Amino acid sequence: MFRLIHVGVYVVGYLLLKLGKLKTLMKTAETDPRKAEEESQIFVKQVMTGILKAAGVQVHVTGLENIPKDTAVLYVGNHRSYFDVISGYAYAPGRLGFVAKEEIRKVPVLAEWMKLLRCVFLNRSNPREGLKAILEAIGNVRNGTSMWIFPEGTRSTGSELDMLPFREGSMKIAEKAKCPVVPVAFTGTAEVFEKHFPRITAGEITLHFGEPFSIADLPDDQRKTSAAYVQNRIREMICEDLGIPYQPAAGIGENGKES
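In numbering that gives the first Met the number 0, the protein residues as written are 0 to 258.
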């Protein structure tokens, strides 16, 4: 419980101390949104790194060399913990926005920072609003801001290999923006918090950036099920990080095709 209190005090205190900076950046965004976004990225990366330190979490990062340096990308990851977002922001390079659930838009201060970062709020219960969010994310990528999405739609439970089905609609961002997709595998993040709630447990997590691919380069049958394809890629990466033989998911073949 001590670590949870430590992290909570750090986050709340830091955000309150930086309310003036938030107001300044919101004002800057009216005339120079790019500058406001870049300064916000620096600030948020500092906060996320501080959270990991306060929580006693050591992050093993692999595959940073796989991330294209000359273009925005769509990061696609498995989702088991709040620490997925925290570690992702701490270590992913460049300008980055997350696709988040609509409810977070109502959280004071946090929502304002997320808007500065070009995060997108996705309303899954309203198809029209959901489409607007996806179009906004596509526009962000085209303008040079990478986006990160968790196609499961919520945090999964169970073992590291237990994932909810990836939603095919999430891949529209990369398909329409014609950007590379970077698969991302998290392991160990649920052990930090969710499996010991309400305690935060110090430990080690792995953040693995896989080799990028283009949806347009996939064979026709895999292009139609690109979410299943990337989910299978992530599953392979998790098995690699756990040091266990590859275990295909039920209904998904080794090449990512539904069987």
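None of these hints come from the bench; they were simulated from the model. A hint or two may mislead.
Okay, derived cross-link-like pairs now, BS3-like style, lysine-lysine, Cα gap no bigger than 27 Å in a straight line [stated by the list, open to error]:
1. K131 / K17
2. K131 / K100
3. K114 / K223
4. K131 / K171
5. K20 / K52
6. K22 / K171
7. K114 / K17
8. K171 / K26
9. K52 / K114
10. K34 / K17
11. K131 / K194
12. K17 / K68
13. K100 / K223
14. K68 / K114
15. K171 / K20
16. K17 / K171
17. K194 / K177
18. K34 / K100
19. K194 / K68
20. K52 / K17
21. K105 / K22
Label pairs and their in silico Cβ distance ranges [to be verified]:
22. R104 / V60: 43 to 53 Å
23. T153 / E210: 35 to 45 Å
24. K177 / E203: 14 to 24 Å
25. T61 / P126: 32 to 42 Å
26. G93 / G129: 41 to 51 Å
27. G7 / K223: 19 to 29 Å
28. E101 / I4: 21 to 31 Å
29. T30 / Y245: 48 to 58 Å
30. V60 / H195: 20 to 30 Å
In this text the structure is predicted, and so the values were computed from the model without any measurement. Glycine included, each C-beta is placed from N, C-alpha and C at the ideal position.
Now the hints, each set against the structure:
no., hint, in the structure
1, K131 / K17, "31 Å, violated"
2, K131 / K100, "13 Å, holds"
3, K114 / K223, "32 Å, violated"
4, K131 / K171, "12 Å, holds"
5, K20 / K52, "23 Å, holds"
6, K22 / K171, "34 Å, violated"
7, K114 / K17, "16 Å, holds"
8, K171 / K26, "32 Å, violated"
9, K52 / K114, "25 Å, holds"
10, K34 / K17, "17 Å, holds"
11, K131 / K194, "35 Å, violated"
12, K17 / K68, "30 Å, violated"
13, K100 / K223, "25 Å, holds"
14, K68 / K114, "24 Å, holds"
15, K171 / K20, "35 Å, violated"
16, K17 / K171, "36 Å, violated"
17, K194 / K177, "38 Å, violated"
18, K34 / K100, "26 Å, holds"
19, K194 / K68, "36 Å, violated"
20, K52 / K17, "19 Å, holds"
21, K105 / K22, "18 Å, holds"
22, R104 / V60: 43 to 53 Å, "30 Å, violated"
23, T153 / E210: 35 to 45 Å, "27 Å, violated"
24, K177 / E203: 14 to 24 Å, "37 Å, violated"
25, T61 / P126: 32 to 42 Å, "37 Å, holds"
26, G93 / G129: 41 to 51 Å, "26 Å, violated"
27, G7 / K223: 19 to 29 Å, "45 Å, violated"
28, E101 / I4: 21 to 31 Å, "29 Å, holds"
29, T30 / Y245: 48 to 58 Å, "52 Å, holds"
30, V60 / H195: 20 to 30 Å, "23 Å, holds"
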